[in-house]
Structure formats: C-alpha cells, structure tokens
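Asks: Taken in order, these protein sequences are the chains called L and W.
Heads up: the first sequence is residues 1 to 233, going by the numbering used here.
Heads up: the second sequence is residues 234 to 526, going by the numbering used here.
A couple of the hints might just be wrong.
Cut-off 30 Å, straight-line C-alpha distance, at most; resulting in silico cross-link-like pairs (DSBU-like, lysine-lysine) [to be verified]:
{"id": "1", "chain 1": "L", "residue 1": "K3", "chain 2": "W", "residue 2": "K409"}
{"id": "2", "chain 1": "L", "residue 1": "K52", "chain 2": "W", "residue 2": "K409"}
{"id": "3", "chain 1": "L", "residue 1": "K211", "chain 2": "L", "residue 2": "K52"}
{"id": "4", "chain 1": "L", "residue 1": "K90", "chain 2": "W", "residue 2": "K520"}
{"id": "5", "chain 1": "L", "residue 1": "K72", "chain 2": "W", "residue 2": "K397"}
{"id": "6", "chain 1": "L", "residue 1": "K120", "chain 2": "W", "residue 2": "K520"}
Everything labelled a hint here was simulated from the structure, so no lab data went into it.
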Amino acid sequence: MLKVENLNVYYGAIHALKGLSFEVNKGEIVTLIGANGAGKTTTLHTVSGLLKPTEGSISLMDKTITGVEAHKILGMGMAQVPEGRRVFAKMTVQENLEMGAFLRTDKAEIEESYENIYRKFPRLKERRKQLAGTMSGGEQQMLAMGRALMSKPDILLMDEPSMGLAPILVKEIFDTIVEVNKQGVTVLLVEQNAHMALSIADRAYVLETGKIVLEGNAKELLDHEDVKKAYLG
Amino acid sequence: MAQFIQQVINGLNVGSIYALIALGYTMVYGIVKLINFAHGDILMIGAYFGFFALATFNVPFGLALVVSMILCALVGMTIDRLAYKPLRNAPRISALITALGMSMLLQNLFRLLFGAQPRRMPAVIALKRIEIAPGIAISNLAIITILLSVGLMLLLEFIVKKTKTGKAMRAVSEDKSAAKLMGVNVDKTISITFAIGSALGAVGGLLYAINYYQVEPYMGMMPGLKAFVAAVLGGIGVIPGAMLGGFVIGLIETLTKGYVSTTWADAFVFGILIIVLIFKPAGILGKNTREKV
Ligand SMILES: Nc1ncnc2c1ncn2[C@@H]1O[C@H](COP(=O)(O)OP(=O)(O)O)[C@@H](O)[C@H]1O
Ligand SMILES: [Mg+2]
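Sequences are here, hints too, so could you generate the full structure?
Replies: Quick look at the structure:
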C-alpha cells in the first residue's frame, strides 16, 4: 500500500530523517513509535507532501508520489489526521466534515458518509452546528478522524491521536481505529503511547532521532527488552 | 431632525462604498495576513476601466460594471502572482513593503498612461432627487449605490458561508496545511480571494468615481485609506466587520461634515479609529485572540 525508501529530510541544517525506510501493507495497522522529537511528524508530513524530501522515494499503491503536491495526495487515497487535531476552529462540526469530503462529487453517497460518521461518533451529531473550536480535546480528535474518513481513504495516517487525552478517551479512539481498520482502511499510526499503539497494531517500527532502530511484529515488540525499557517504563 | 436623517442617508451612501472596498482589505488579510496597500489603487484602476467603457465605448452602465469587475479581478490575481506569492514565506514586512511599492507603481503607471489631469466621468444616469419627506431627499444614484453594495455584500456572505469555494477560503485562512490535507489547492484559493476582493474594489471605485464625477491616478488613496480604517475598525479579517466598519466610517464622516466642520471630518475618522482600538484592539467584531506563531 505505502512504501517509503531511504527518506532524508532536512529543516535547514537539521537532518531530521536519516535514510528512513518502511512499508505498510494493505489491510494492516502499522505503528511508528518514538519519543518526542524522533521524527514521527516529519515522516507523516513528508509522506503527505507537506514537506519535500531531499532524497528518497515514496510510493502509494505502486505509484510514485515523491514530490506530488500535498493537496493532490488526498485524492490518491491517503488521508491524514494531523498532530494536535488541527480542526477548523471557526467552522462548525458539520462544515469540518464537509471539508473532509471536499474532493468528493458523489452527492448522495456523501450524505450516507455523514450518517456513518455520526453513527461512529454520536457526540459529533449532537454538536453538528457547534463551532469545532469550542469542543473538548477528545471531541476534536473524533472530529479530526471523522473529517479524514469523509474522504473515504484507502489508507489513514494518524499522528499521536492519544496526545493530551484521558485514558478512557484514548481507549475509545483506539477502538475506533480498530473498527475502521476492520472496515477495510489500512492504518499507519504514529504514537508516543507505545503500549496502546503496539496492542492494536500488526507490525511496528521504532524511530529514534530520524532512524528506524527496531522493527517487527507488534506483539513481539511489546515484550522486547529494549522497547520495554525505553518506551513502556 | 430632517437634516439629521438626510446626513444619515448621505453617510450610508459613502459608507456602502467604503464597505465594498474594505472587504478587499479584510479578505486578503484574512487569507494571507497581508495589508494589501495596493488595494486602494485597484479601485482607481476599476474606475478607469469603467470610465473607458462608459466614455470611450459608450456601453451601458451594467456592462461597464461587469467588465471593470472582471478586469480588476484579473489585475488583482496578477499582482498577487507576480509580487506577493514569491514572498509568501518571507517575513511579513517584506510583503508589506512590496505592497506599498506596488501602490506607487500603479499610481505612477496610470499617471504615465493617462496623465495626471482628472477626467470627467460621464453622467451614467439622469440624476433625480426623490423627496421622501419634507427636507429629506435621496438621489436615484444613492439608491443604486446602496442597493448594489448591499446586494454584493449579501452575495459575498452567501459565497463565503455556503459554497465550496467559500468554505475552502475559510479553511485556508485558518490553517493552510490542514486545508491542503483536505485536498484544497491553497494557491488557487488565494488567487480567487484576490479576484473577489479586487472585483468588489472595482465596483467601489466605479461608484466612487460616479458619485464624485471624476477619475484620476491618485483617486484611490483617500477612499483606500478610509476603507482600510473601516476594515481595522470592524476587525481586520472579519468580513461582517468590514461591512459594519465601512458604514460607521461613512456615517462619522458625513455627520462630522454636517455638524462640526468639513475640514475636521478626516481627523474625526482617524480619531475614532484610535479610540476604538484603545478599548477593543482587535476591532469591533474582532476576537482578541493571540496570534499563532
Ligand atoms: N519546523 C521545524 N523546523 C526546524 N526543526 C524542526 C521543525 N519541525 C521539527 N523539527 C525538528 O525535527 C526533529 C523531528 O521532529 P518531529 O518530526 O516533530 O518529531 P516527533 O513528531 O517525533 O515528535 C526534531 O529534532 C525537531 O526539533
Ligand atoms: Mg510529532
């Protein structure tokens, strides 16, 4: 589904990603875990075209997308729930979902998609006319997820959905990720919360200062000594 | 009393023109955080286009208006492409200085092309004064000006609130990266914003020229400045704020001229701005939010 090879990304002189390679297969939940500053967000931003890599290649469903402008990526089947939710605060919940369907033209089916999202997140339905900026962090996370799903993506990238949320909400969000995955959406989940991420993922990569230092089956990494020491406390 | 109502009507007349022009400042600021100082000159250009359409080609007023709007939209988009877009990621002061330079360039270009002499705007319609009550009259031109302005403002409000383009504009003005992730073409959306703002500026310019019977290369400066004050007064970046600010400035100006003194009108306008900004730094309808870095 998604294949990244030898990605090198710089912020000026800062070498943020140093030859990163990873792969996400169709139907999987793959997680990329790492501490703050490891390069997780940089990776997602590069994959979705917001940042240009100096070197390396990215392909999505066997099509090279390296250098493709960010606004064209969604239409190719890859959606992102960005770090910090980034909902449109001055737009209503409904309008945020409409933005998610920005590229879609199938009017009747869009209506169906709204209903699907509202069924998944009943709290969004109650608040459909409310401004997104006035909602709680958990509700905004649900909205950001719903907004990304409105594009009917083949693959969904999620950047630290658990950030700043109470454990019960984290559980709710992660249950939804599993549910979405069961419905056929491939997931690349970036997390600092290694325990939660590994417990729902099929495979995992461990990122440290811009490099993959460990990879493997998620359940096995959950028991791996280095991972336990560094990320699971 | 009759005199007061008369002044209010006159105030609404100029105010609606300021409001139209203020929209261009506020929309562009909302989306690229740039005070487009050349916007005042867009209205001058719009007035010239209208002037040539009316005086040289003798087309009907409606057609002159549409032609002027379309041409100004193109001019506005071109200015953005050539002058501002390359500076999108540069420090804001660079784009601001470029905008000032663009303003001078346009003024001098038009002086070079058409001379500094004001040209007389042909009478578009046979001017009629309609007496609504003893001592209170409104001209048919004022009615057209107010109705046209308010109509365009309602249309803009509809576009911004309800259409896909409008939603894209709001999304881009809030968060460009997030908008890109939704598939929004940010550059195109910014172009459209310049186009709409400039088209409204063209209408403002043409109406201004008709109300004051002339066009000249520097005619954009004063109404441009007042419309800018209106946009700041209402809350820069807030569309209804620009409309409100325009009417408020128009009313203050006319009432000062009517009751205090003609020479003090401009001082009052700027004085009010300073007073409002002391108590409400973000403008009347602006939200006092700290800016994201
Ligand atoms: N806009 C930026 N400019 C300069 N350096 C940055 C920028 N964004 C991130 N970095 C640096 O790149 C590295 C990786 O950051 P990031 O991808 O945000 O990490 P993570 O998401 O894993 O916390 C960090 O060292 C960070 O300081
Ligand atoms: Mg991050």
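Asks: Confirm or reject each hint.
Replies: Against the structure, the hints:
no., hint, in the structure
1, K3/L <-> K409/W, "26 Å, holds"
2, K52/L <-> K409/W, "16 Å, holds"
3, K211/L <-> K52/L, "18 Å, holds"
4, K90/L <-> K520/W, "11 Å, holds"
5, K72/L <-> K397/W, "17 Å, holds"
6, K120/L <-> K520/W, "33 Å, violated"
Comparing the model with each numbered hint stated earlier shows that hint 6 is the single one that does not hold.
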